[in-house]
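A.B. asks: Residue strings, one per chain:
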Amino acid sequence: MFKYYGKWAPYLFLLPAGLVLLIFFFIPFFQTVYLSFFDYSSSIYNPAVVGFANYVKLFHSPVFYKVLWNTFLYLFVAVPILAIFPLFIAILINQKIRGVTLYKILIYLPVIVSIVVAAIAFKWLYADQGILNYIVTLFGAKSVGWLTDPNWALYSVIIVTIWKGIGYYMIIYLAALMSVPKELYEACDIDGANFLTKHLTVTIPHIMPTIALVTTISAISAMKVFAEIYVMTKGGPLNSSKTIVYYIYERAFENLDLGYASAMAVVLLIIVMAFSLINIFCFERNKYQL
Amino acid sequence: MKRFLEKFSIHFVLITVSLLSIFPFIWLISTSLKGNSENIFAYPPSIIPQDFTWANYTGVWHRVDFIGYFINSMIVAGGTVLLNLILSAMAGYPLARMEFKGKKIAFFSILATIMIPFQAIMLPVYLVTLKLHLVDSVSNTAGFIGLIMPFAVSAFGIFLMRQAFLGIPKEMEEAAIIDGCSVWQLFWKVLVPMVKPSLAVLAIFTFIGSWGEFLWPSIVLTKESMYTLPVGVNNLQGMFSSNWRFIAAGSILSTIPILIFFLAMQRYFISGENEGAVKG
Chain A
19 MFKYYGKWAP
29 YLFLLPAGLV
39 LLIFFFIPFF
49 QTVYLSFFDY
59 SSSIYNPAVV
69 GFANYVKLFH
79 SPVFYKVLWN
89 TFLYLFVAVP
99 ILAIFPLFIA
109 ILINQKIRGV
119 TLYKILIYLP
129 VIVSIVVAAI
139 AFKWLYADQG
149 ILNYIVTLFG
159 AKSVGWLTDP
169 NWALYSVIIV
179 TIWKGIGYYM
189 IIYLAALMSV
199 PKELYEACDI
209 DGANFLTKHL
219 TVTIPHIMPT
229 IALVTTISAI
239 SAMKVFAEIY
249 VMTKGGPLNS
259 SKTIVYYIYE
269 RAFENLDLGY
279 ASAMAVVLLI
289 IVMAFSLINI
299 FCFERNKYQL
Chain B
1162 MKRFLEKFSI
1172 HFVLITVSLL
1182 SIFPFIWLIS
1192 TSLKGNSENI
1202 FAYPPSIIPQ
1212 DFTWANYTGV
1222 WHRVDFIGYF
1232 INSMIVAGGT
1242 VLLNLILSAM
1252 AGYPLARMEF
1262 KGKKIAFFSI
1272 LATIMIPFQA
1282 IMLPVYLVTL
1292 KLHLVDSVSN
1302 TAGFIGLIMP
1312 FAVSAFGIFL
1322 MRQAFLGIPK
1332 EMEEAAIIDG
1342 CSVWQLFWKV
1352 LVPMVKPSLA
1362 VLAIFTFIGS
1372 WGEFLWPSIV
1382 LTKESMYTLP
1392 VGVNNLQGMF
1402 SSNWRFIAAG
1412 SILSTIPILI
1422 FFLAMQRYFI
1432 SGENEGAVKG
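Keeping their order, the protein sequence lines are chains A and B. Quick note: the first sequence, position 193, residue 211 per our numbering, numbers continuous. Quick note: the second sequence, position 159, residue 1320 per our numbering, numbers continuous.
Chain A with its partners taken away, still in its complex shape (with noise of 0.2 Å):
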């Protein structure tokens, strides 16, 4: 083919789209890690420099530990259910059955319902006399403090994450169910498998490769949650529901404590990079061609 287009044309097609990146995305990406080597904490407008200080103290720090606990919790507890509950629904829902619109219309649509709205639902489900405790008390247990007990806080906000993912996961698992070839199921039929077999021997080898891609999908959105902590329990009681990015949040802009919050937000960075590059590099390779 000619070549119809100048020798500027190109860069001048990528320029407004990298600068919007190199001023909103590189820069500030160096300066995480470049303040993350200033103290802020004794004085916001006469930074010292301190080094590794940051990191050294970050990890001689309980709460640290703790915020890195909860949010990894975050992720061994909402990951193992979003990438197989979804996967079980879409299952159902791909069988030859009526209404099958609505029922992924309903199952959608915390998916579209912002984030602070359904937080703010799920904060009057848990409220103390809520309706949650009267069908606790129902079985005649003792009512839950769901965000005021510190045993419990944490599982309560990662219920709402949950909540809101499996629509999102069910939806990609449908495309792929489609990807599945007929005849596989048709054999099972001849065979007399039943429902369990079926699924355990052709399905689920067939959609491995996106089984693997919700995962870390959904493990990066995991440690990026920041709204349903910040609507119900701001990280209390007693930082039991704190995870990383509200930490992060609240030394930076409620402490002013710069080079404190962008050390954390460096590890941050390094643990999304890594899940990221996973991501890419195993899961979404046809997606960018690489």
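To be clear, the hints were calculated from the coordinates, so they are not data collected in a lab. Computed from a predicted structure; not experimentally measured. Hints may be right or wrong, so weigh each one.
As the list claims (entries may be wrong) - Below, in silico cross-link-like pairs of lysine-lysine (DSS-like), each with a Cα-Cα straight-line distance of 25 Å or less:
id : chain 1 : residue 1 : chain 2 : residue 2
1  : B       : Lys1331   : B       : Lys1350
2  : A       : Lys242    : A       : Lys84
3  : B       : Lys1331   : A       : Lys25
4  : B       : Lys1331   : A       : Lys21
5  : B       : Lys1262   : A       : Lys21
6  : B       : Lys1264   : A       : Lys21
7  : B       : Lys1350   : A       : Lys25
8  : B       : Lys1264   : A       : Lys25
9  : A       : Lys114    : A       : Lys200
10 : A       : Lys84     : A       : Lys252
11 : B       : Lys1264   : B       : Lys1331
12 : A       : Lys242    : A       : Lys75
13 : A       : Lys216    : B       : Lys1163
14 : B       : Lys1265   : A       : Lys21
15 : B       : Lys1168   : A       : Lys114
16 : B       : Lys1163   : A       : Lys200
17 : B       : Lys1168   : A       : Lys216
18 : A       : Lys25     : B       : Lys1265
19 : B       : Lys1265   : B       : Lys1331
20 : A       : Lys252    : B       : Lys1384
21 : A       : Lys114    : A       : Lys216
22 : A       : Lys21     : B       : Lys1350
23 : B       : Lys1163   : A       : Lys114
24 : A       : Lys25     : B       : Lys1262
25 : A       : Lys200    : B       : Lys1168
Use these hints to put chain B onto chain A, whose structure you have.
C.D. replies: Chain B in isolation, oriented as in the chain A frame:
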């Protein structure tokens, strides 16, 4: 008989999951319709309001500037969508169709932004925005630009558009150039109209993402008159401390626009053709 039982149990499970998906909203709606003479903490709770009233809706409507929040959200989401369409299409085109020095570097730099979560760089993004005076304390216009710019383009959009341009037959470009088009005209008049379906997908998912964005506006906004819907709704909690009737009514009111949008565009969301397009 076996077939019937199987279908019955499938429907049973799906109905249960559907109900669990919408129950938090149902309960919120129920609370929002209960009058002052009804105890909203009553055991057993009643889903159907005994003292039915619209008063909470009118009450919260008069105290909170929902129209203002809605307009702010529309400006931010509209601006974000428009910039994403233009910038993504412009950047996707050379990546798909042109050969130039540094193409690989450009490609991988854009890919790298996928790995950088906004949450990790939000502090310097805020500092940059302050430096550029793009905050609402300067002027409302500056405030809106500051809300929009960090999300004006995304790697997802650029790669989506690149993919779309890759699918156009090369003869189209040759014909247009032979007819005397410049590259600029070729791009806007010939190529962009051909990638409309991808632009529509990008527009819809960018809109949803921008409409629900909470973290960034709650960092940069200082004036209540600039609040977008999510920030305004979160603020209801402080305004009406424990008046759950009002908080519920306000939350439901704020959800109506996006609900209409979703129902109108539902095939884009649930068909599965655009899997993975929304950011989780």
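A.B. asks: Against each hint, give a clear statement of whether it holds in the structure.
C.D. replies: Against the structure, the hints:
About 15 Å separates the Cα atoms of Lys1331 (chain B) and Lys1350 (chain B), which keeps this hinted pair within 25 Å; it holds. Between Lys242 (chain A) and Lys84 (chain A) the CA atoms are separated by roughly 16 Å; this keeps the pair inside 25 Å, and the hint holds. At most 25 Å may separate the alpha-carbon atoms for a hinted pair to count; Lys1331 (chain B) and Lys25 (chain A) meet this at roughly 19 Å. Distance restraint check for Lys1331 (chain B) and Lys21 (chain A): the Cα-Cα separation of roughly 12 Å lies within the 25 Å cut-off, and the hinted pair is therefore satisfied.
Straight-line distance between C-alpha atoms of Lys1262 (chain B) and Lys21 (chain A) comes to about 14 Å, which keeps the hinted pair within the 25 Å bound. Taking the CA atoms of Lys1264 (chain B) and Lys21 (chain A), the gap is near 16 Å; set against the 25 Å cutoff, the hint holds. This hinted pair checks out: Lys1350 (chain B) and Lys25 (chain A) have alpha carbons roughly 21 Å apart, not beyond 25 Å. A hinted pair counts as satisfied when its Cα atoms are at most 25 Å apart, and Lys1264 (chain B) with Lys25 (chain A) qualifies at roughly 13 Å.
For the hint pairing Lys114 (chain A) with Lys200 (chain A), the CA-to-CA distance comes to about 12 Å; that is within 25 Å, so the pair holds. Of the supplied pair hints, the one linking Lys84 (chain A) and Lys252 (chain A) holds, its CA atoms being roughly 15 Å apart against a limit of 25 Å. Using a Cα cut-off of 25 Å, the hinted pair Lys1264 (chain B) and Lys1331 (chain B) holds, with the two alpha carbons roughly 19 Å apart. For the suggested pair Lys242 (chain A) and Lys75 (chain A), the alpha carbons sit about 23 Å apart, so the restraint of at most 25 Å is met.
For the proposed pair Lys216 (chain A) and Lys1163 (chain B), the alpha carbon gap of about 16 Å is at most 25 Å, so the pair holds. A C-alpha spacing of about 19 Å is found between Lys1265 (chain B) and Lys21 (chain A), which places the hinted pair at or below 25 Å, so the restraint holds. Distance check on the hinted pair: Lys1168 (chain B) and Lys114 (chain A) sit about 9 Å apart at the alpha-carbon level, within 25 Å; holds. The hinted pair formed by Lys1163 (chain B) and Lys200 (chain A) meets the criterion: a straight-line CA distance of about 21 Å does not exceed 25 Å.
For the suggested pair Lys1168 (chain B) and Lys216 (chain A), the alpha carbons sit about 16 Å apart, so the restraint of at most 25 Å is met. A threshold of 25 Å between alpha carbons decides the hint, and for Lys25 (chain A) with Lys1265 (chain B) the separation of about 16 Å falls inside it, so the pair holds. The hinted pair formed by Lys1265 (chain B) and Lys1331 (chain B) meets the criterion: a straight-line CA distance of about 21 Å does not exceed 25 Å. Proposed proximity of Lys252 (chain A) and Lys1384 (chain B) is supported: the alpha carbons are some 22 Å apart, at most 25 Å.
For the proposed pair Lys114 (chain A) and Lys216 (chain A), the alpha carbon gap of about 16 Å is at most 25 Å, so the pair holds. Taken as a hint, the Lys21 (chain A) and Lys1350 (chain B) pair is honoured in the structure, with Cα atoms around 19 Å apart against an allowance of 25 Å. Restraint check for Lys1163 (chain B) and Lys114 (chain A): the C-alpha separation of about 15 Å stays at or below 25 Å, so the hint holds. The hinted pair formed by Lys25 (chain A) and Lys1262 (chain B) meets the criterion: a straight-line CA distance of about 10 Å does not exceed 25 Å.
Note on Lys200 (chain A) and Lys1168 (chain B): the hinted pairing holds, with a Cα-Cα distance of about 19 Å set against a maximum of 25 Å.
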